[in-house]
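Now for the letters of each chain:
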Amino acid sequence: MSHTPHTAAENKAQLGWDPDDPHGINPHHGEHHHYIADWRMQVTVLVVLLFFTALTVAFFNFEGWAEGAFGIVLPGWVNIAGAMSIATIKGILVAAFFMQLRYDKALNTFALLACLGCVALFLGFSMIDLGSRHMVTAYKGDEVVPGGTGYMLDAAPADEDFFVRLSPRVNTGGASLIYAARREGNDHYKGLNYYRTTPGADEADFWAYFYGDHATHRDPLDEENYFVALGYGQDPVISDANKSRPRRGLTPGLFSDVAPLTGHGPHRMSHESTEGEDEPTEQEPYNESADKPGDDGD
Amino acid sequence: MSTMIDTNPTDVPAHILRSPKHWRNRAFGHHWRTGDEEFDAAKFGMWLFLTTEVLLFAGIFCGYAVFRMLYPEAWANGSHYLDWRFGAANTAVLLFSSWTAANAVRLAQLDKQFWLKVNVIITIICAGLFLFIKLKWEYIPKLSEGKAPGTFFSYPFAHNPHEPLWWSLYYIGTGLHALHVIIGAGIFGVVLYYAQRHQAYGPTQYTLVENAALYWHLVDLIWIFLFPLLYLIH
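In the order they appear, the protein sequences are chains A and B. Just so we're aligned, residue 1 is where the first sequence starts under the working numbering, counting upward by one. Just so we're aligned, residue 1001 is where the second sequence starts under the working numbering, counting upward by one.
Careful: at least some of the hints might be erroneous.
Claimed, not checked - DMTMM-like mimics (lysine to aspartate or glutamate), calculated; alpha carbons at most 20 Å apart, straight line:
| # | chain 1 | residue 1 | chain 2 | residue 2 |
| --- | --- | --- | --- | --- |
| 1 | A | 105 | B | 1037 |
| 2 | B | 1134 | B | 1145 |
| 3 | B | 1112 | A | 38 |
Unchecked claim - Label pairs and their calculated CB-CB ranges:
| # | chain 1 | residue 1 | chain 2 | residue 2 | range |
| --- | --- | --- | --- | --- | --- |
| 4 | A | 65 | B | 1114 | 46 to 52 Å |
| 5 | B | 1125 | A | 120 | 34 to 40 Å |
| 6 | A | 102 | B | 1118 | 34 to 40 Å |
| 7 | A | 43 | B | 1155 | 39 to 45 Å |
| 8 | A | 64 | B | 1052 | 50 to 56 Å |
These aren't lab readings, by the way, just hints derived from the structure by calculation. Don't be surprised by glycine CBs; every beta carbon is placed ideally from N, CA and C.
Put together the whole structure using the sequences plus the hints.
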């Protein structure tokens, strides 16, 4: 009799092979193999979970009691290790039994563990970063604290605990690195300061000093020299009202103060500051009245 | 769709047995070789989603760790403001509801429709209880005292300038978790509706019960770690 198969098993029996799995890839194909949890096991897991909850609370309270009763201070890791280890046990119990990872395909467990690996990366690298910053600020802190001391070149490369401190590249002479850098900058641009603070000095003095750094670049006899071609020789010629010369480098007037907002005349800011005009202090700005007419800045 | 009932369960109204959503009348998708494969794929998809949930909360855990390292005094003060009894009570509520959720899966597998619904209802009630405890004894009193997150902080007796940051992390962590509790309860509400209306879940068709339970277990799992971090570690 021609029998129409209704089920996979009948179909398989009639054909002699399984049409849903013709190559026999999955030998257990078609069978229901879902795990049905044992209720006794589930109850046991619940009781154990509640027990661990009570345990972690008891540990928390015992800790506080012990510190008060014995007058001791427990290290912080005791608190953290106790609470988090119990939480981890509880989490494993929930994942393994309630979420049935224990009876599931390993793929689900793998997904969870891969995810937890990523979490460990986030937490781990954050903690490594934060936890090691003191090793940097140990020597860097001296750099940013005004009046602090930079470490000397002749200092020991490591202390008695073999903690290596990097030495600065320059000897600050006991001053903070910021102060030393500022002082060094002042020395470097003293020509600039001279130009800014001396009424008789003109901008040419500044450029003369500025290109004094490039002594090999300013031979006036070298016609091919780039700087000479630009007009920066031994006696640099700057633009005037009759002739404009191209110029590279710092913008003229870059270091002069902002134009005065109040009062009239070229003096800066307030009338009080002009009182000491006869004896210009170091901070006195460049006097624009001494500027040559036809300067590019105009 | 074939609505043939090969066995006649007792005491089930005929209109439910005839329902195409009844678990005996539901078939797996035609593109699957077996229902098992469909089930396994759906469950693995749920696990992948759960990993993203774990990563979502990992950001909060990471923030907790970083700020605790930066401002340990504020964190110690913050945990002292919380009462471990409410945290422990909520832990017990969630553990118990996690157990009832696991029971719901088992009872669906065994086609025990009544007890399936009972366990789902208990789970939903536990979700409500959790939120009630959270609001009644934690959120509302603390917010009324000014222990509010960030710029809303107005608690006058704070000892550390970084305590608003603690409260920000507390409300973000527990609030996001409470949102998951609400969503989980909603999913179980859907399960309850279809179980009541159509007896939609049985030995061969319980994917939604399983995935809802997985989601609920994850909510439990997150709280298992939030509880010691917020309440116990100081």
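Going through the hints against the structure:
1. A:105 - B:1037: holds, 12 Å
2. B:1134 - B:1145: holds, 15 Å
3. B:1112 - A:38: holds, 15 Å
4. A:65 - B:1114: 46 to 52 Å: holds, 47 Å
5. B:1125 - A:120: 34 to 40 Å: holds, 36 Å
6. A:102 - B:1118: 34 to 40 Å: Violated - the Cβ-Cβ distance for residue 102 (chain A) and residue 1118 (chain B), about 26 Å, lies outside 34 to 40 Å.
7. A:43 - B:1155: 39 to 45 Å: Taking Cβ atoms as reference, residue 43 (chain A) and residue 1155 (chain B) lie about 43 Å apart, which means the hint holds.
8. A:64 - B:1052: 50 to 56 Å: With Cβ atoms ~38 Å apart, the hint is violated.
In summary, the numbered hints that this structure violates are 6 and 8.
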